[in-house]
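Fit chain B to the supplied structure of chain A, relying on the hints for placement.
Those sequence lines, one after another, are chains A and B. Each position in the first sequence, counted from 1, maps to that position plus 5 in our numbering. Residue 32 in our numbering sits at position 34 of the second sequence, with consecutive numbering throughout.
There could be a bad hint or two in this list.
As the list claims (entries may be wrong) - 30 Å max Cα-Cα, derived DSSO-like pairs, lysine-lysine:
(1) K13/B / K47/A
(2) K47/A / K49/B
(3) K136/A / K84/A
(4) K69/A / K46/B
(5) K49/B / K10/A
(6) K56/B / K84/A
(7) K13/B / K49/B
(8) K10/A / K56/B
(9) K56/B / K74/B
(10) K69/A / K74/B
As the list claims (entries may be wrong) - Calculated from the model, a selection of chain B residues having no Cβ within reach of chain A, i.e. all distances over 12 Å:
(11) E11
(12) I14
(13) K56
(14) E61
(15) W65
(16) E66
(17) A71
(18) K74
(19) A78
FYI, nobody ran anything at the bench for these hints, they're computed from the structure. We treat Cβ as the ideally placed atom computed from N, Cα and C, and that holds for glycine.
As a plain string of letters, each chain reads:
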Amino acid sequence: MSRVKTTVDFIHAWQRPDEIAEEVEAELSFHVQMRTSANIEKGMAPAEAQLAAWQSFGDFDRVKVSCCEIKRDFPFDLKPIKMGLYIAIACLAGAVALIAVNLPHHTPFGVLWQLIAIAVLMRAFLIGRKKQDNATK
Amino acid sequence: MIGQRIAQISGDELKIEEGSLYPGLYRLERRGWIESEWDVSANNQRAKFYKLTRAGRKQLIIEEQNWERLASATMKALRAN
Chain A
6 MSRVKTTVDF IHAWQRPDEI AEEVEAELSF HVQMRTSANI EKGMAPAEAQ LAAWQSFGDF
66 DRVKVSCCEI KRDFPFDLKP IKMGLYIAIA CLAGAVALIA VNLPHHTPFG VLWQLIAIAV
126 LMRAFLIGRK KQDNATK
Chain B
-1 MIGQRIAQIS GDELKIEEGS LYPGLYRLER RGWIESEWDV SANNQRAKFY KLTRAGRKQL
59 IIEEQNWERL ASATMKALRA N
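Here chain A stands alone, though its shape is the one from the complex (with noise of 0.2 Å):
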């Protein structure tokens, strides 16, 4: 699947949640029929071939659940989205300390600006930081 229409049928599992239970259920009612065809062609009466076929499908309505919540399911790995976040706040905590560092250090402006570096910077430290702790855990 690509990823354009993986991204597709994400957002349409999020804005028809109806419309995907109603196919993921086909999908599972459709391998229940064949089973109970499948049993009464090898000779159970039909009854008995529609009660087996539910009990080796198992657990219908789970199956059903967990089907739609992978369809929900975000579908992107998250660690590439995370990397770029943290290398736009490094790029952004280099770039306004360079602003800052350009400014008149004593106007009200230049003392704001060197504010925002330090707050920016602090931040991308203690993500770093974070990140650092949790991969040595």
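For chain B alone, kept in the frame of chain A given last:
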């Protein structure tokens, strides 16, 4: 049907609860290893058909190698005792 096919090719050694296959199939599809489409089955009913994608075939080879490595290591450990 996939469950029956697994039982058939494994000589009835692998019997799984058929419903449990579906969450697995949905996850494989989400990862792009299989793809599905609704079509008409041999008995003229609307059914969903699954097939391996190119990425899925590559992943299958990797998984086979991983499994062989794991099975071989397990056997070595068992025989050592």
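For which of the previously enumerated hints does the structure constitute a violation, in increasing order of number? Hints 10, 12 are the ones this structure does not satisfy, whereas the remaining hints hold.
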